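Chain by chain, the residues:
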Amino acid sequence: MSGPIRIQPGETFTLNVGPQHPATHGVLRVKMEMDGEYIVKAETVLGYIHRMHELMGENRPYPKVLPNLSRLDYLGAMGYTHGHVLAVERAAGIEVPERAEYIRVITVELNRVASHLFWFGAFVMDLGGFTPLMYALQDREHILDALEGITGSRLTYCYFRFGGLCNDIDDEFIARTRALIPRMRKSLKKYEALVTGNIIFRKRLEEIGPISPEMCRKYGATGPVARGSGIDFDIRKNEPYSVYPEFDFDVPVYHECDSMARYKVRMDEMEQSLRIIEQGLDKLPDGPIMPKRKPKLIKPPKGDYYQAVETARGSFGIRLVSDGTKNAYRFKLRSPTYSNMSLFDEACEGMMIMDALALMGSLDLVIPEIDR
Amino acid sequence: MSLTIFNTVMAVVIAIAFAAANAAYLVWAERRGAGRIQRRPGPNVNGPFGLLQPPADGIKLMTKQLMIPAGADKALFMVAPVLAMAPAIVSFVTIPFSDTIVAHSMNIGVLMIFAFASLGTMAILLAGWGSRNKYGVMASVRAVSQNISYEIPMLITVITIVMMTGTMDLKEIVTAQSGGLLNWNIVPSLSSPLMPVAFLIFFICSLAETNRAPFDLGEAEAELVAGFHMEYGSMGFGLFFMGEYANIVIGASLITILFLGGWGCPLGLYPGVWWFLLKIYLVIFTFIWIRWTFPRTTIYGLLNLSWKILIPISLFNLLLTAGLLKVF
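Here the protein sequences line up with chains Y and R, keeping their order.
Residues 1 to 372 in my numbering are what the first sequence lists, from first letter to last.
Residues 1001 to 1328 in my numbering are what the second sequence lists, from first letter to last.
Excised from the complex, chain Y in its bound form (with noise of 0.2 Å):
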């Protein structure tokens, strides 16, 4: 530590981006090594926030593990929470009441919408845009306000349980959601105007951070990355669970595999999310939200379970091994964000450090659930 850095010309420097910067949105760590504004090679670096979920989960009941799976993803914990019930529901054998479903697809997607209106900000601020951001996290408020009435949280929800939900939704959820709507259908045409146009905006997306088809197959991504990449593939519409076959919605998907084509796509889901949370209220059957005969002890069958959801990130996939006691004798979460992750340190390789932070960006990345 003495004299000033000096920076030869063709000689390379190492730039520690994390585990504490305003670009990676949490505890992740980018070692870049640098020539110039021009990175050469990066290596993520994870493990800042790891919390051990997966042992949790084969120590203790399944009940017992309900609010762990909302703190993988902080953002849109709702689908991380609907994955494990249905993994669960799978693995034991319990009915869901068609009215605890609907609920259910309700609160995902409109989790979904605010998780996207949440990286719409903080995406527009790493392009050094800092307005959006707060218009985004009022559209939200109404959202999480919505939810909140019916969870009692607004982030980390444990609103599910095996069999059906908590508690039933009310007239004043029905009112505000319905309220909603038409505001976030007026608020995204604001944002069209206000950013997508936006030629600042656009020539810093537009053809930059190339994400290929084949480097999403490689990595396994899926999700807005992988459709912004031109792979149509969307596990509500693939592998369709819940009554998610019921509702009619498109699934975006955009060809051009630039940090722009993967903007389009979130910006078009929230629109599709919008209409699935307009039909559900439409089509929302009355009965119970609890099966009538539930297990009292959750103790499924030896067997080998696996349930994909897609949450507002990717598909998050829980995988369940069971050996006929309370608690499961393996428990793996397969997240959507660091298939997303693994792909950026091949992706960045030679672009400039703003553009590479920019596609970093648009990967979406929510570090908990990286680490887990």
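Just so you know, these hints were derived from the structure itself, not from any lab.
Among the clues, some could well be false.
[Claimed, not checked] Listed next, the in silico DSSO-like pairs over lysine-lysine satisfying Cα-Cα at most 27 Å (straight line):
1) R/Lys1134 with Y/Lys31
2) Y/Lys218 with Y/Lys41
3) R/Lys1308 with Y/Lys203
4) Y/Lys332 with Y/Lys64
5) Y/Lys41 with R/Lys1134
6) Y/Lys189 with Y/Lys203
7) Y/Lys203 with Y/Lys41
[Claimed, not checked] Have a look at the derived ranges for each label pair, beta carbon to beta carbon:
8) R/Gln1065 with Y/Met56: 41 to 49 Å
9) Y/Thr12 with R/Leu1319: 41 to 49 Å
10) Y/Arg154 with R/Asn1044: 23 to 31 Å
11) Y/Met56 with R/Met1078: 47 to 55 Å
12) Y/Glu11 with R/Met1078: 25 to 33 Å
13) Y/Thr196 with R/Tyr1300: 21 to 29 Å
14) Y/Thr196 with R/Leu1324: 41 to 49 Å
15) R/Val1045 with Y/Gly47: 37 to 45 Å
16) Y/Asp250 with R/Ile1159: 52 to 60 Å
17) Y/Arg154 with R/Lys1060: 27 to 35 Å
[Said to hold, decoys possible] A few chain R residues that don't get close to chain Y, going by computed Cβ distances all over 10 Å:
18) Ile1152
19) Met1168
20) Leu1267
21) Leu1278
22) Leu1318
Only a predicted model underlies this, so the values are computations on that prediction, with no experimental measurement involved.
Don't be surprised by glycine CBs; every beta carbon is placed ideally from N, CA and C.
Given the coordinates of chain Y, assemble chain R onto it according to the supplied hints.
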């Protein structure tokens, strides 16, 4: 003799006080403006409309410890913030607020202001280099290449105006535009039909020169954390912050003097300092508005804009004006 010296000193002191007060209160204005644009109140707790926020911030910054990172070049590290603030304040001495209110009129006022403006780049370079931080070094490299490429079209535009008015005295440049809106330099005339374009070039360059968004690559917080002033705390940071706003006032004043007729009224009525202040604050408001609306450009986009678009156009404007001046 002693009276004239006293007068001059007082004038200089008042100019410096104006610069410092502006620098402090523009921070407040920027935060209030940002609040308005982002649908939030902004600072509104200390005093009426939050007007006591700048003194409170100042006291807070001054009571903080000045940390010098291990391995930093102490001399450069200490000099840089001073160098950010001092040239901006000194530039105020030559700026004419009206035909009578000017601290010290010089016949090479334009030249002096640009000479001092270039010194501001040194502050960023020394701060980034002296603080022994990789992000800081990258930021200062960016800032230097940016300032070099934007000073060229800016100066070419200024040369065009100097050619038209035949003087480098800021006061006389304004006097040449007196008599209403149609005499202002922003309005195209027979000898210089491209003046609105020149104004736009000058405006963009002022944004880039003062390191304002969307050209604030030196402190791009998303990738370089805070860029050149990353390691600064306490009043070192405060000086950088105030220097930025002092530079904005200088930039707005130059735009007003060179293009918008200085203290002249658009209709030719009641010329005076109030028009000057109104115009510079309108320009400053535009600066704030742009900052909170646009995302940041990339470094190559920025350099391309300057070398491929602004410099050729401003050169063409210079040649055209020179030719037309010869004709008419």
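Against the structure, the hints come out as follows:
no., hint, result
1, R/Lys1134 with Y/Lys31, "13 Å, holds"
2, Y/Lys218 with Y/Lys41, "19 Å, holds"
3, R/Lys1308 with Y/Lys203, "16 Å, holds"
4, Y/Lys332 with Y/Lys64, "16 Å, holds"
5, Y/Lys41 with R/Lys1134, "17 Å, holds"
6, Y/Lys189 with Y/Lys203, "20 Å, holds"
7, Y/Lys203 with Y/Lys41, "24 Å, holds"
8, R/Gln1065 with Y/Met56: 41 to 49 Å, "43 Å, holds"
9, Y/Thr12 with R/Leu1319: 41 to 49 Å, "44 Å, holds"
10, Y/Arg154 with R/Asn1044: 23 to 31 Å, "26 Å, holds"
11, Y/Met56 with R/Met1078: 47 to 55 Å, "52 Å, holds"
12, Y/Glu11 with R/Met1078: 25 to 33 Å, "29 Å, holds"
13, Y/Thr196 with R/Tyr1300: 21 to 29 Å, "22 Å, holds"
14, Y/Thr196 with R/Leu1324: 41 to 49 Å, "42 Å, holds"
15, R/Val1045 with Y/Gly47: 37 to 45 Å, "41 Å, holds"
16, Y/Asp250 with R/Ile1159: 52 to 60 Å, "58 Å, holds"
17, Y/Arg154 with R/Lys1060: 27 to 35 Å, "32 Å, holds"
18, Ile1152, "21 Å, holds"
19, Met1168, "35 Å, holds"
20, Leu1267, "36 Å, holds"
21, Leu1278, "26 Å, holds"
22, Leu1318, "27 Å, holds"
The structure agrees with every numbered hint stated previously.
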